[in-house]
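> So the sequence lines, in the order shown, correspond to chains A and B.
Just so you know, the first sequence maps onto residues 1 to 412 in the working numbering.
Just so you know, the second sequence maps onto residues 1 to 207 in the working numbering.
Hints were generated in silico from the structure; no laboratory data involved.
Cβ coordinates follow ideal geometry from the N, Cα and C atoms, glycine included.
Be aware that one or more of the hints could be misleading.
Said to hold, decoys possible - One-sided excerpt, in silico: chain B residues whose CB lies under 7 Å from chain A: (1) His73; (2) Leu128; (3) Leu132; (4) Pro141.
Stated by the list, open to error - Covered, in the sense of this in silico footprint (three residues per stretch, anywhere, with C-beta under 8 Å from a C-beta of chain B), are these stretches of chain A: (5) 223-234; (6) 365-378.
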Amino acid sequence: MATDFSFPDAGAKAAAAAAPAEFQTEKMSLSMGPSHPSTHGVLRIQMELDGEIVTKADPVVGYLHRGDEKIAENMTYNQFVPYTDRLDYLAPLANNMAYAIAVERLAKLEVPPRCQAIRVITAEMARISAHLLGLGAYGIDVGAWTVFLYTFTEREKLYKLFEELTGARFTTSYTRIGGVARDVPEGWTGRVDAFCDQFLPILEMILNLLTRNKIFMDRTVDVGVISKEDAIAYGLTGPNLRGSGVPLDLRKDKPYSGYDQYEFDVAVGSKGDCYDRYLVRGEEMRQSVRIIKQAIAKFPGGPWYATDAKRIFAPPKDKILTSMEELIQNFMLVTEGPQMPAGEVYFEAENPKGALGFYVVSKGGGVPWRLKIRAPSFCNLSILPKVCVGAMVSDVVSILGSLDFVMGECDR
Amino acid sequence: MSAPADATTALKARFPQVTDRASLDHPAVNVPAADVPAVLKYLREEFAFDLLADVTAIDWAEGVSPRFTVVYHLLSTTGHAYLRVAANCASDAAPEVPSVVDLWAGANWHEREVYDMFGIKFAGHPDLRRILMWDEYPHFPLRKEFPLAGIETPLPDPAVVAETGAKAIPAPMMGGPFVAAPGEINLTEAEPRAKDESWNERRSKPE
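So that you can see chain A by itself, here it is in the shape it has in the complex (with noise of 0.2 Å):
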């Protein structure tokens, strides 16, 4: 039987619904992924077809379920934090900062104002290097190879300036509780804010190769079209919230590490369509590098850790290896892990994917009773069994891409 999804036209309808039952369509079911090149990592959208328009959508999360909430159960807090690298695996620095946040709230801890610094400078970037890729991936989609390899390019000189500051390019365990691995290199922000120099042109270039492009602007615009209301009730949030208009940024809402210090605008989308969800991203990463260039100017001096918490964040190693008090001290905090009072908190940071939450349940001691990822890439996916109706099929292709989400954090 057609449905009130096949035919926008009244009179179209009416004339299939009279036509004899041997020229009715058939419905054919589909399964899109779990290894479809659009669908990002391992989704499976098992889809109901109708023609060519999707009359159900169901997808099928779970192929990258690793049990990381059961695995932080059975790990000190610090011993998690390569564990949140492969959550949103485009922005660990990102997730790190989320995840010591949450565990220092715990604890009620301050960082000291340059290990937060450290941290607002590190996130955007991840966000910067994050946005490029959906960005690049995005075009491929929609049939637009060249952006792709221009934001790679970008995100190579990125992943250098990660590298020489976490020795690692893509799964940066870069935060502790209580601080970071390490503190910056000598002229390393130097180099950050020459990159944010020359990146602002080749950043305008980028979106000018989709922004108005012809081809870009029939497979985006008028195309998953989210209303206030539906992005609200699903939960969605970052990017997919905002350009569904919800002006809603943690960063400026519920300020975290020093965020309140920087001036950023918060880019809001009008409609909610694939399009406006491209155009905030855009606009966020003009705002990132903004962000980053008032962090360098001002950034400050001063420890990088919490030194006064010294049953949560380890001494200096030339300490450890010549004093007895700090080698006991190191010793009691690998094996026992950092020291939590008991008591729950709730942090969500603004990711580049949404709002990444974590959930800490402590009974004291070194080991989470339980450990809550809240991912944002879960929650934006559930909407697609309700925004996939009435699309075509290749319309699938460009909502998957602008809602932008990865798999990794998604299942967990």
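Assemble the complex: chain A is given as a structure, and chain B must be docked to it using the hints.
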């Protein structure tokens, strides 16, 4: 519509059965499981807690009663405040709370995940299937009695099993980064390798 900051006081006046919950950050309340939809609806309509950020559960371990607590985190997109609502499940053996899918469509997947991981049923949920594990999976992995290594489980597709003999086997725990279990006195038992259920020096790796 009132400010989200006054929510807990007004909530306790309106629902006498609601009590304060200890929390290190946001305001938090304990609510009887049966009242969850009414309380959340009231919070959404009167205090603009319009975004359901997260639904999850805590297992307080076997033998503890109440064993399961379902936790909701609400966020106000206009008032920029969080609120935590927690509900203890009345039954420890067959835990159940009412579903809030009618209030937030996004609760659908969150509740499916809680069911998948803890086996807590959500009464009135339109489609309570497993979400991360496969549909036939017999265990609830985030319950405390479920071992970290996993449990040997047949794969769902009989054709694949007949062809390959593959099954989901427990992960090796040897050399893992896991710490000794807290609270245990006997070090041999508390060591990570004691949790290893698959293969170690004494037992060879299964085929």
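> Against this structure, judge whether each hint is valid.
Hint check:
Hint on His73/B holds. Least Cβ distance to chain A is approximately 5 Å, under the 7 Å limit. A distance limit of 7 Å between C-beta atoms decides the matter here; for Leu128/B the minimum to chain A is near 14 Å, and the interface restraint is violated. The restraint placing Leu132/B at the interface with chain A holds, with a minimum CB-CB distance near 4 Å, inside the 7 Å limit. Evaluation of the Pro141/B hint against chain A yields a held restraint, the C-beta minimum of about 6 Å falling below 7 Å.
Taking a C-beta to C-beta cut-off of 8 Å, the stretch 223-234 of chain A contributes 4 residues in contact with chain B, enough for the three needed, and the coverage statement holds. Requiring three or more residues with a Cβ within less than 8 Å of a Cβ of chain B, the coverage given for the stretch 365-378 of chain A holds, as 8 such residues are present.
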